[in-house]
Every structure is written in structure tokens, then in C-alpha cells.
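Colleague: Here is how the chains run, residue by residue.
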Amino acid sequence: MTHDGKPVRLGVDIGGTFTDVAMEIGEELFSTKLLTNYSAPEQAILDGVLRVAKNAGIELGAIDIVIHGTTLATNALIERRGAKTAFLTSKGFRDVIEMRTENRFEQYDLNIVLPAPLIARDARFIAAGRIGASGRELEALDEAAVMTFAKHVAAEGYESVAIGFMHSYVNPAHEIRARDIVAENAPGVSISISSEVSPQMREFERFNTVCSNAFVKPLMESYLNRLVDSLHGIGATCPVFMIHSGGGLISVETAAAFPVRLLESGPAGGAIYAADVAARHGLRKILSYDMGGTTAKICLIEDFSPKTARTFEVARNYRFKKGSGMPISIPVIEMVEIGAGGGSLAHVDGMRQIRVGPESAGSEPGPACYGRGGNRPAVTDADLVLGKLDPDNFAGGDIALSAESSEHALLAEVGNRLAMDARHAAVGVIEMVDENMTAAARVHAVENGKELGEFTMIAYGGAAPLHANRLCEKLGIDALLVPPGAGVGSAIGFLRAPFGYEAVRGAYLRLSQFDKGWVSDVLEGLEREAVAVARAGARDAELLIERKAFMRYVGQGWEIPVGLPGTALDAMGLRSAFETEYRRLFGQPLETLDVEVMNWSVKAESVSAPRQPVERVAAKHEAPSVGKRQIFDAREAGFLDAQIVERADMRTGSMVNGPAAIVEAETTTIVTAGYAATLQADGCLLVQRKETAQ
Amino acid sequence: MRTDFSKVHFQIMWNRLISVVEEQALTLVRTAFSTSVRESGDLSAGVFDSDGHMLAQAVTGTPGHVNAMAVAVKNFIEVIGEDNIAEGDVYITNDPWRGTGHLLDFTFVTPSFRDSRLVGYFACTAHVVDVGGRGFGPDANEVYEEGIFIPIMRFADKGRLNHELINIVRHNVREADQVIGDLHSLAACNEIGHRRLMGMMDEFELSSLEALRDFIFENSRLATLEKLAALPQGSWGNDMTVDGYDAPVYLKVRLDISSEGVHADFEGTSRQSSLGINVPLIYTKAYCGYGLKCALAPEIPNNHASLEPFTVSAPEGCILNAQHPAPVAVRHVLGHFIPDTVLGALSKFLPDVAPAEGAGALWNVQISARPVAGTQAAPGERLQSAEMLMFNSGGSGARPTLDGLNATAFPSGVHAMSVEATEQSGPIIVWRKELREGSGGAGQFRGGLGQVIEIAADDGHEFWIKAMFDRVEHPARGRQGGEDGMPGIVRLDDGTVMKAKGRQKVPAGRRLVLKLPGGGGFGNPAERSAEDRARDLRLGYIGKDEDK
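Taken in sequence, the protein lines are chains P and B. Everything in the first sequence is counted per the working numbering, starting at 17 for the first residue and increasing by one. Everything in the second sequence is counted per the working numbering, starting at 389 for the first residue and increasing by one.
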């Protein structure tokens, strides 16, 4: 354990295309990127671990901890590759996960197809028995029906069972009894119950969540066991922890029981990475911006904590449109994801408007400039034509890019239809994709009642630094940070994550009927659950407890999260906490109306070590330039002579005046004419608007 | 080189304008009390030029307000008078004939000034919780019984709120705090739109919207006309009979297609009713325009120029052009059937585009639950009174290449609410809400299934419903050999048949049973693929309906 007295920590992120490995020995970072291995995902990890350990010159036994995040569970849901699963639900509610919200996510398309329910109708079964809204039993559970179901499960060879009954978040008795009956009569089958997986009100979301958990559980259980075994096999006998959707760490055992908590854990790591950079720089208002090959993700980080939510949607199958996926109700780091990446394809629609994405060229065939058979223009093609990329130095020189192929594709799909040359077409494509991302960021800010002008952007992921500065211009943001290691940002983020867990429960309360004992029972129960999970990793470290109530005026439809003080609560205190938050978001509170609480949550997490603050460094000297190139500047509406700078040539205080391109192996940072970049002491590039820079 | 990129610039600004109105709409959804706004997006928001022509509209809104709001802003300018419009003003109305069809919808219009010059208007519409009168139901004989009527007037005068008006509203509606809260939300939503527009005009260095308007209108007009030019020219008709309140309602349309536009004329449609199912023309135009647009030019954003080629007429006094003081509270029921009527005419010359008929009108269940005098609540519970609203959808019609959607709203854009959340809000228990097997019309492509709902009051309570259900007597018809969907059923669990319209009691201990209609099938059932048949059987989609 440890190396020269320094802790050795390893972060591993399995993404759709790449598996990233980041090893930190004390302050020193070693990283590598490998192609994701779909049939044996753990193999890429083993290869990566061996490679970084060799580069670092350490024994595998010296690794203190492995922290892992993965999109495997997400992909299993998107591709519907999971266990043969049966769903048992309350009589009268067999079709909840199929009827969804009874609406169309796109108003003007007569031919939309709704996403198929995760568990088909013939695998959904019912049992009589009913709990009411207050938790009172209205009708006893039909145990004979549950028994018949269990025997059917065993006979038909179902591998996994989900159980979701109405109002089980208030009273789980029927679900627990049903689980026992199934366990007894269908031995060996994997069982998930909704009151444990997601005890929140709203049956569609909760049932869908428990079905998703059951669907991926056998697969994830087996993968996690294989991973731990094979790490042990090569001598890495340290504990393995998983990063969850909310950005904290949980044990492999918890992850195997609640694999739905692993959804979107890679992007969550990215947000943790950005939050860590924000804390070092003392920046309390951050917009994190992650752009890869197929999607861009945007997250708000305030006071060094990423914004969280209680529900999100996976597998949106209609242009990433809200409502076209499956809702999952678990605590997550909230972000917007849109189909805008380097591989996103451009075309012209019936309105003669340029459209970009969500269809992506992926890595095969890839953008036209890759010369691998792609003949439709992607964002990367337009970036190349506008001079933002060096054709001879892309991905560290691994892929030679052909600007001619890009121009060809841009003309064929865009230029010729709009009477534009290739350059104008490229401008249109880039401005449109930048506008799409800007719009997503803006709507996300509105949903959270924020003004983005006061924010600083942190950009990471291969394509983000190319576009980030332009987004800042559009959003009125004055400062942008591009941290070191941006290419493996998520894996580095895993190493910064606290041991922590958020427990959530639906429990209805009107403030006019406030009951002190009842409220403390709810909160104490949640705290016990959260602390138990967090202790598995944090051991006896100090834990930070954060309590929230999700409140609204009686009659409203949207709850707002309200942080609760650690002290004893009363109705007045709750009301005033709610009104303060309401005023901040929407303006004048409404004094005469009663307030209700729909859900409660308690988060327990280890207190992270204080970060070394980074003093802001002013520009001291100009960075050496290695050449010049014509790069398009959207604000100036023309091509400008831009200098090219190697990031490796910059030292603390080195300054680059835009227009410029700062290049490194995994990405290029474009500095627009209105901005200048200065390298900070921790290796971050700080890009600032010229009039505000100092 | 700057001007060379103007084309791209205008495209970007147009997109931005649409995101400005999306933000405007979102603000309303987040803060509204009205169930239909917050849960169901029953609202609209848009930005207009200084002449009152619509430039862009939020796509989150339900189609019921499409076009209606577009015309409404010109009405405001006319009534207030161009010279009397000042910075800081906010205008209000719920006039069904100048707004969006019933008193429950309030429309707000706010002029947008830049450097003391009028550059445009923001408008938004939402369905509020209550307007007094008989409440949300079809039983009134005149609009006077349906609640308070606010003609076009000032909600704020140069920044000063009209407290007298607010006070009058407060004393004329139920749940006054929530209604006033909704009015403030509407005003705030326009204000957000204005602020975002100013930010956009700063960024793009604009002092007026005129050049952008010309670009938007020119492109929209050309794109729409290009779509229409591809259509065969001529006239096609269709008719459809639905239940109505006390007598069947006959809907008749003739479409005239020319290279300049599509005109829909409803000559021959039934006369207006003495009950609240009547539709003001402005709402007829809204749903007619929606039906035509989603079939003919779906991807063209809604604005003055893209809507202009679609025109609508209906004789005065017919049920789709009901005249004041006709009652209009549940005008959505017939409004929701207009797209099916119009699509039926379209199917005569575009057989591969128009779907079969569907359940159409939503089955809104408006519930008033009350304690039964002299009884006890269940142990641990309390007796309470509550007003509740549930949205429920039957099956949509089969499409020319796809089955209909099960239990999914068309043409309305509303969402259903969670049963658990509904049960938290009042003393009722929903015992059943699931697909209605066998209710979709057979065809090469099957109609969408309806659903079955069973509702009872909790112990010690009884409830009343304001029924506004249709397609009980007249099912959704199949197309091109497809069979009809099953009609709807309204009754109690002891077999008592209930009326499909009007206020009725569900006694303590009884369950209300609603079986929602299925959608019509498309194409000859014999042509249905073996694979699809096997799937229907396996999933129980064509299982026996208990009432067949």
C-alpha cells in the first residue's frame, strides 16, 4: 500500500467509446485512454491499470483505492440488453409504465413512436391489495396471487423480478411481504422492490425505476464481481468503490444491489472534476461544459457543489427531446444533455435552416475529414474548415485530417442548397451548434432561476475547448477555465468525490398540520440510511449531513428543494426557509397560501480535505508562438490571423492574446479575438474578456 | 465581410427568438397553480411585432391556443388604442371571443419598449384555477353563468398594478389566492420574455425587430407555399357526428386547396347548443389550423406568415362559431374533434398522411368530493372537501404505417397526472387505471387502446363529477377498411348507466367506472401482418373487452 509514503489512487471511467484511467500518486498524475471493450469491459480496465502502473513505476499492490464509474448500466437500458425480468404490481395498475404520461413529446409529428415499456405487458403481473395515500391498508395483499406469480417466475425462468405497489413509499409492508413470498418460492431470482430502490411519490417514475434496477441488476452484479476478482488476480487487492449518479462513492455491494444508482456516473465524475477546480479557484458560480463525440453536457455548480435533482430521464430516443425517454427517480447531478458533439452531422431542413445533430458520425465512419468513408459534414469538419483544428496535428497526430473532404461534404449537404461556399456553410454549422448549446444552457439556467452573466465556465472533454470561448461570448460570460487533463476529466473527478449517499423518501406534509415527532422520524430514518452507506467507505471520518425538503404552495405542481437547518424544525421555520427560496427563484411569495412538503432527503458525505487555494496569476509574459493560421472569429465575422501556441510551452503567467489556438495532444483551446488566456499556477488556462482581464 | 454572414445571423436570431419565448413559457409552468398549466402545458406564449403580428411562439404550449393568441394581440391594440400604449402597461382579458374560447383562459399582453420606442409585444395565455360561476362544466345556458368576464383592459398602468380589478376578481372566484397567483405568473412570464429580448437585441446590436421580422415572414411564407404547391388543387369535404350534450352534433367541413392557401369552411355544421359545449370561432381556427399544419407543414414554426395561408370560416351561430352570450365553458370537447374532421377531408387526397379517427376529446374528470353528513372517516383519516381534476386519454387513430397510440392525447398536448399525487390531494381512491383490452379498432394498423378507470370516494365521503365525455354514442371511425374503435362507457360499478355530460353524484360506497374510447383502425384487418397479430395476442391488446 502507498508508494514512497504517498497515497496511490486510481480512477477508471468506462465511456461509450473510451475507457479512461487516471492514477494519482500524491500530486502526480498518470493517465491513459483505451478503447472500450464491450464484451469484457473489465479487460480494458486491467490493460489500462497495468499500463499506468508501469509508467508510474509502481507495484499493483501499492494501489490504495480504485474508484470506478461506468456507462454500462446506461447502455444496457438504451440498448435493452438486460435480464429476463418480470414486474409485479397492484391490481388495476398493470399498464402504468406503458401509459406513461399519456401525451406526445412532439406535438406536430403525426408519426411519433412512444418508447416501448422496459418490461413488456406479458411480463407484467398483478396482485390485489392496496395501500392508501396516508399509508393505511385499504385492502389486504392477495398472498395467493403473489404465490402463483412466484411459481410462474420460477417455471418460466425469469432471472429478475421488480415489485412496485401503489403508495409503497409511505407503507412498504405489502412490497416486503411480496418479496419474501417470491424469495421463498422462486429461489435464486434477483428481486428489487420500489420502496427500497426509489421510495418517492409518483407511480410512473417509481415503477420505471424499480423495473430498470431489476433489468440491469444481474448484469451489473456479475460484471462487478468479475472486475473485483480480476483486479485481485493481478495483485490490486485494494478496496474498489463505485461513483454513483449523485457524484458520491458507494461500496461495490451497494452498487450491485442498486445498480440504477450507477446511471450517468461518468458525467457525474466530470461535474465533480469541475467543482474541484472551482473550489481551488474560489469560484462560486460555475457553468460546466463537457463536449465529446456525440453529446454535450451542461451543469450548474454553485458554492463548489454541482446542482442535483431527484429525477432524470435516460435513453431519450427522439432528438434528446424531453419526454422521449424513461424517467428514473434517484438523486443525480442534474445536467442537460443535447446531441451536439464533434461527430454531430449537419443538414438543411425544409425551412432552409441549417440543422446540426443529434445524429452523429461516431468514430466509424467519423466526420468526412477522417477519410474513413464518411461523406456527410460533421461539426469537426466545420471546425477544420474554419481553421480551428490543425489537420496535421489532430489527436496527437494519430489521424491526418483532410480539409478538402470537409469542404466537399459541407458543399454537398449545406452550401449548395443555400447558395453558400464551403466556408460560409461551415460558419453556419458552427454558429448553429454553438447556438444550440447556448440555448440549452440558457434554458437550464432559467429552470433554476439563474443569470449566467455572473458565471465562469469550466470546459472539458475533447471538443469543448474548441467551442467554449464562443459560447461564453453568446452567454455573456467573461471568464473561462480549461483545466489540465481535460481529456480524462471524469476519471480525475472520481478521485475528488466524497464517500456519500443521498436517501430520498416521499412523505406528505401540510405545514398547517405540522407534526414535530413525525417529521423527525422521517428525517432520522433517512439519515440512518444515508450514514450507513457512507460509513462503508468513509469509516470514522467526519460526515457532513445535508437535509432538504421539496416544497411548494398547495395547488402548485413543481416543488423546489429547500435546505433545512440542522436544528430542530417547526412549521414557522420551514415556511420561512421555503419563502426565502421561493423569493429567490420566482419573486414575491404568496402569503395567504398553505405550503406542502412532498419529498424529503438526507445526504451524508465525508468532508473533503481542504483544497489548496490557487492565487490568480496575472499575465507576466507572452507565450512563445509556434506559427500562425487563419481562424474564423464569429464575433468579428471574418477570418483573422491567429497565433498557434503549444500548451506545453506555457509556464505560469504565460499569456496568449486572442485570436489564438492553444494546442495539446487531446484538444485545442480556441481563444477568440475579444479574449486573452493566461496559464495559472495549477495548470489551468484562464481565458478572460480583454476589457476585464488584468 | 460582416454583411456576408447576415443570412446565418438571421437564422441564429430566429432560433434565439424561439428560445426567448420558450423561457417565457417555462416561467409560467414553474409558478402556475392551475393544474392544466403546471401539469399539462395548457398555455401559450409568444412574441409579436409592433403591429401585433406573431413572430414566434413557444412549442411547449397545447395546440388549443395556436392561432387564437395570434389574432388576440391585434384585438388588444385595437381596443386599447395605439396611442394609449405606454411603457410599463400590462393588458388582460378572458373574453372567450377575443381570447381563447372560454372564461377560464386569461390572456395577457405586454408592450415591449426599447429606448422608449415600442418594438413589439409579448403575449401569453393560461387556464386558471377558477373564474366563479358554475365552475368548469357544461351545464350553463349562458356565458353569464360561467363566471366573471374581464373585457380587454389594463392589469398594470405604466407600472402601477390595477388593484381595483384584482379586488373584483378576488371577490368573484373560488380559490382566490391561487387565481390571483396565476394572474401574477402571467404578467411575470411576459416580463421575462421582454428581458430576454432586450438581452438578445443588445447582443446582436438591434434597435428594432423589423429586419428580423421580414426575414422570418419571408422564409416562413415561402416554405409554407412550397409545401402547398405540392398538393393537388381542388375541394374535398368530410363530415363526422359526435355525441354533443343532449343531441348529436354534426361537424361538416369543406377544404379548398389552392396554390395560395387552404381554406376550411364549416358550412352545414350543427347550430349552437343551449349548453356549454359551444365553440367560439377563434378556438375553431386554432384547432383547425393545428390539424392542417401537422399534416401539411409540421416543421415550419408557427408565426403570422406560416399561419396566414390557412384560413377558416363557419356560419355565425353554428356550434363552431357560437355567438355571445352562448355558454362555452367546455368548448374543448368539440374543439378536440376538429382535427379529426379536417384530417378526414385531407385523407381523400392524401391517403398516406391522415390517421384514422381517434378518441379525440380528453376525458377530463372534474371531481367535487364531500363528507357524507353524519358519518365517520376511516381510522387515522379526516373528513374533507376537495376539488380535483384528472386528465385521461383514450386511444389515438391508427396511422397509415403505424398502430395508433394507446391512451395518448391527440390533438390535445396534455399530460396525465400521477394517481398517487391525485390521491394525496383529496379523499378519493382510484382503484383502476389501465389499458382497455380490445378497444382499438382492428385494421392493418390497429387503433390505439382506450383505458379503464375506476374511482371511489374514501370512507365517509361521496363525490360529484362534472361529466364532459364524448364518443359514447359515436365511436372513432376506421379508415380505408379499418374498423371503428370501441365507444366509451360511463356507469357505476353496480351497472347504473350515467350520462356522458353534466353534473352527477357518485354515492358513497359506489365506484365510477369510465371506459375510454379506442382509436379507429387503418387498412383492411386481413392485411395485418402475422407478427403484429401474434404480438397483439401475446400482449393482450386484443383480449376480450368485458363489455363487447
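Heads up, some of the hints might be wrong.
[As the list claims (entries may be wrong)] Per label pair, the in silico range of CB-to-CB distance: (1) P:P381 x B:E687: 24 to 34 Å; (2) P:A144 x B:P620: 55 to 65 Å; (3) B:E915 x P:P381: 31 to 41 Å; (4) B:L738 x P:P131: 20 to 30 Å; (5) P:P381 x B:P620: 19 to 29 Å; (6) P:D610 x B:P636: 36 to 46 Å; (7) B:G656 x P:Q529: 53 to 63 Å; (8) B:R505 x P:D610: 37 to 47 Å; (9) P:W534 x B:T763: 24 to 34 Å; (10) B:D503 x P:E558: 34 to 44 Å.
[Unchecked claim] Here are the simulated lysine-lysine pairs, DSS-like style, with alpha carbons at most 27 Å apart: (11) P:K107 x B:K615; (12) P:K70 x P:K100; (13) P:K466 x P:K301; (14) P:K107 x P:K466; (15) P:K337 x B:K615; (16) B:K546 x B:K640.
Read the hints as simulated data drawn from the structure, not as lab findings. For every residue, glycine included, the Cβ atom is placed at its ideal position computed from N, Cα and C.
Colleague: Indicate, hint by hint, whether the structure satisfies it.
Modeller: Comparing the hints with the structure gives:
1. P:P381 x B:E687: 24 to 34 Å: 27 Å, holds
2. P:A144 x B:P620: 55 to 65 Å: 57 Å, holds
3. B:E915 x P:P381: 31 to 41 Å: Since B:E915 and P:P381 have Cβ atoms about 38 Å apart, the given range 31 to 41 Å holds.
4. B:L738 x P:P131: 20 to 30 Å: Taking Cβ atoms as reference, B:L738 and P:P131 lie about 28 Å apart, which means the hint holds.
5. P:P381 x B:P620: 19 to 29 Å: Check failed, 41 Å falls outside 19 to 29 Å.
6. P:D610 x B:P636: 36 to 46 Å: 45 Å, holds
7. B:G656 x P:Q529: 53 to 63 Å: Once the Cβ atoms are compared, 57 Å apart, the range 53 to 63 Å for P:Q529 and B:G656 holds.
8. B:R505 x P:D610: 37 to 47 Å: 45 Å, holds
9. P:W534 x B:T763: 24 to 34 Å: 26 Å, holds
10. B:D503 x P:E558: 34 to 44 Å: 57 Å, violated
11. P:K107 x B:K615: 49 Å, violated
12. P:K70 x P:K100: With a Cα-Cα distance of about 41 Å, the restraint between P:K70 and P:K100 is violated, given a limit of 27 Å.
13. P:K466 x P:K301: This hinted pair holds, its Cα atoms lying about 10 Å apart.
14. P:K107 x P:K466: 44 Å, violated
15. P:K337 x B:K615: Roughly 26 Å separates the two Cα atoms, so the pair holds.
16. B:K546 x B:K640: Roughly 47 Å between the alpha carbons, so the hint for B:K546 and B:K640 is violated.
The structure fails hints 5, 10, 11, 12, 14 and 16 (numbered hints given earlier, in ascending order).
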